[in-house]
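Enquirer: Protein chains in written order, with the numbering used here: chain W, 2 to 375; chain H, 17 to 357.
Among the hints, erroneous ones may be present.
Residues on chain H that point at chain W, a partial pick, calculated with CB under 7 Å [claimed, not checked]: (1) Gly42; (2) Ser213; (3) Phe257; (4) Asp328.
The calculated SDA-like cross-link candidates involving lysine to any residue, where the alpha carbons are at most 25 Å apart (straight line), are [unchecked claim]: (5) H:Lys140 <-> W:Arg313; (6) W:Lys314 <-> H:Ala335; (7) H:Lys49 <-> W:Thr286; (8) W:Lys161 <-> H:Lys49.
To be clear, the hints were calculated from the coordinates, so they are not data collected in a lab.
Ideal Cβ placement from N, Cα and C applies to all residues, glycine included.
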Amino acid sequence: MSLILLSCRQNTKKVDLNGSEFQLDEDLKVEYAKGFEVKKIDSHYLLIIKEPWPDADKTYRYLLKHKEEEDFNTNIEYDYKINIPIERIVVTSTTHIPSLDTLGVLNHLVGFPNTAYISTKRARQLINKGKVRDLGQNQSLNTELLIELNPEVVVTFAVKGQNKGVERVKEAGVPVLYNADWVESHPLGKAEWIKFFGLLFDKTETADDIFKGIKHEYEKTKALASSLNKKPDVISGALWKDQWYLPAGESWQAQIIKDAHANYLYANTEGTGSLSLSFESVLNTAQNAEFWIAPAQYTSYGEMLEQQQHYRKFKAFQNKTIFSFSSVKGENGGVLYYELAPNRPDLVLKDLINIFHPKVLNHYENHFFKPIKQ
Amino acid sequence: MRKEPKIILTIFLVLFVAVLFNVSLGSVSIPFKDILSSLFSGKSSQATWTYIILEYRLPKAITSIIVGSGLGISGLLMQTFFRNPLAGPYVLGLSSGAGLGVALLLMGSSLLGLGLSSAIWFSKTAIIAASSLGSILVMLAILITSSKIKDSMALLIIGLMFASLTGAVVNVLSYFSTSDELQQFVFWSLGSLGDLSWVEVCILAVFWGIGLALCLFLIKPLDALLIGESYAKSLGVNIKFLRYLTVIATCILTGSITAFAGPIAFVGLAIPHLMRLVIKTNQHLVMIPAVCFGGAFIMLICDSISQLPGSDYTLPINAVTSFLGAPVVIWLIMKSRQLNF
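Build the full structure now, drawing on both the sequences and the hints.
Expert: Shown next as structure tokens:
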């Protein structure tokens with residue numbers, strides 16, 4: 002007994018988190034993402050998830066220590082202590098997959114809920130080889146399977162409050178990390194979450210380089226468009242029954258349209274999610290919009306008209322200037338945009354600039370947004 | 017001059033004013049002058065306004081009239097037929113059948129491998145077809161069972177059982193569906209009056225007309241049935257025939273309305289009670305037109321409120337009908353201290 006006590010007393014590191022001893026390395030700084038921050042303490046990291054879900058009143062703190070390091074006690078408060086680099090990971094959102102792919106750590110992915118939705122090519126190969134187990138539904142993960150997989154961490158997300166599906170996993174002693182990339186309202190903020198995975202796999206420099214590359218491309222392209230004279234009006238979304246759903250003014254979609262030097266007609270509305278508006282108000286505001294992007298799930302003018310005659314009244318419909326991401330699909334029919342776009346805002350921006358200002362990017366072929374069919 | 021023509025004239029005048037009121041309110045505020053000129057000459061100072069009034073608000077107003085009167089009549093038929101004040105247009109399980117059809121379409125298409133959520137499955141025609149199919153299947157099941165049983169009350173229980181059965185399937189489907197699919201289904205179940213084109217309104221009107229025409233044959237036998245099934249039999253009413261006709265009329269009215277506008281809550285149950293409390297009679301010759309008018313009138317008012325005039329947002333119609341309807345019925349019952357049923 003005294004031995005145990007003794008060993009506990011050893012190695013206790015006292016740290017003042019607000020002290021000036023935290024000289025952050027350049028590659029640990031978080032620029033755009035509001036949902037997480039990183040502190041370096043000696044050779045380990047404290048990863049703080051500041052906003053695990055919208056308006057969260059709880060933060061999560063993960064202490065990441067290198068595997069070869071000796072275990073230690075500390076006065077730092079944390080939810081989990083995790084040994085990095087991790088070898089076995091379970092993620093729960095398709096938006097996490099491209100990060101793992103670009104970091105080159107997809108081979109560490111052991112499980113995913115509903116693998117059918119994944120489109121990333123290398124991930125699909127692994128799934129087809131049976132390397133990635135299907136864990137059922139995200140809201141009710143197959144706990145038995147998951148525990149059997151013995152992952153070192155499960156990366157999940159919660160729409161509001163904790164994700165009930167993972168409570169049992171926590172009880173089983175598997176660390177559950179919250180990834181809130183989807184809460185970010187700046188496009189580059191979403192992409193910056195690659196640093197979250199960079200930390201887990203001890204590839205902070207690689208993650209930082211990848212992010213810098215995306216940021217550089219984004220800002221370079223944005224600058225190209227910003228000097229243009231023309232600023233076309235843009236509308237988005239579509240009707241479902243008699244409600245029109247479109248991104249709110251503070252959403253990341255609205256931000257990208259703005260950065261593509263276009264005038265999103267709902268740019269001044271509040272909120273980071275989506276708005277549901279009455280048909281007549283949208284017709285009144287957006288009838289003459291020059292471009293219409295992301296009209297819900299539609300991929301052709303015929304489909305749109307079959308569903309709702311009212312679409313005919315819109316100038317973008319008459320002029321055939323509607324563009325959608327719904328037709329670009331992965332091997333299993335998952336829409337690529339949902340998976341990749343949050344990770345690659347630079348590509349989304351280029352797509353949109355190529356639509357709104359066709360001559361700016363030479364020989365660029367759109368990744369997500371294609372003109373919808375007749 | 018006799019009393020009836022005066023009353024009928026007043027009713028039509030009130031209905032006309034209600035339509036005008038309904039058409040003049042919406043998210044976009046349009047001057048009354050332009051509303052009148054759009055309605056009567058097809059032109060106004062802005063082409064968009066004319067379009068909003070003639071192609072959006074007017075079909076919505078007509079749909080409101082059809083839905084309100086159709087569901088009111090269905091409710092009346094069911095209440096008399098089962099001699100049960102709690103009966104409404106959906107007691108036969110029609111909305112459950114329609115709901116199952118739509119749920120299979122919206123949430124089951126990816127699950128059952130009918131092509132991963134391809135847009136065609138979400139098209140309006142497909143939803144209308146799925147909903148009608150669900151209702152028709154339930155109707156056939158009800159007709160078959162009603163030919164086998166003696167007691168009409170058994171139909172009530174069977175309707176409830178159908179609702180439970182389909183509810184279970186819908187639960188399983190929603191459990192496995194994505195949040196998008198689930199949202200689409202929930203929104204369908206909230207009902208909407210405003211997404212029908214003129215063609216669809218016309219199709220709906222035809223079914224509505226057939227349903228109402230069938231009711232004309234039911235006026236006398238239903239009056240007799242109010243006193244009791246054996247009394248009605250002694251008067252020479254063919255109960256079996258009456259049962260078939262009532263079920264078919266209700267199914268046509270409710271099924272078509274549910275297919276085009278979704279399951280609209282509350283009006284079918286409440287309107288007959290409201291009208292009974294107001295005009296204090298149970299005679300179907302009076303009740304059928306009264307319920308028709310009352311349902312149409314109340315639906316127009318509810319729709320006007322659900323548009324939240326002046327704001328960019330709207331409320332689901334089901335929220336408005338129940339939220340406003342329930343207190344009114346409670347108040348009327350308290351006032352007259354009895355159901356008058």
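Enquirer: State for each hint whether it applies.
Expert: Now the hints, each set against the structure:
1. At about 5 Å, the closest approach between the beta carbon of Gly42 (chain H) and any beta carbon in chain W falls short of 7 Å, and the interface hint on this residue holds.
2. Annotation: interface hint on Ser213 (chain H) holds; nearest CB of chain W at approximately 5 Å, less than 7 Å.
3. Checking Phe257 (chain H) against chain W: minimum C-beta separation of about 39 Å lies over 7 Å; hint violated.
4. The interface hint given for Asp328 (chain H) holds, since its Cβ lies 4 Å from the closest Cβ of chain W, which is under the 7 Å cut-off.
5. Between Lys140 (chain H) and Arg313 (chain W) the CA atoms are separated by roughly 16 Å; this keeps the pair inside 25 Å, and the hint holds.
6. Among the hinted pairs, Lys314 (chain W) with Ala335 (chain H) is inconsistent with the structure: their alpha-carbon atoms are about 30 Å apart, more than 25 Å.
7. For the hint pairing Lys49 (chain H) with Thr286 (chain W), the CA-to-CA distance comes to about 21 Å; that is within 25 Å, so the pair holds.
8. Distance hint between Lys161 (chain W) and Lys49 (chain H) is unfulfilled; the C-alpha atoms sit about 48 Å from each other, more than 25 Å.
Violated hints for the displayed structure, listed by number in ascending order: 3, 6 and 8.
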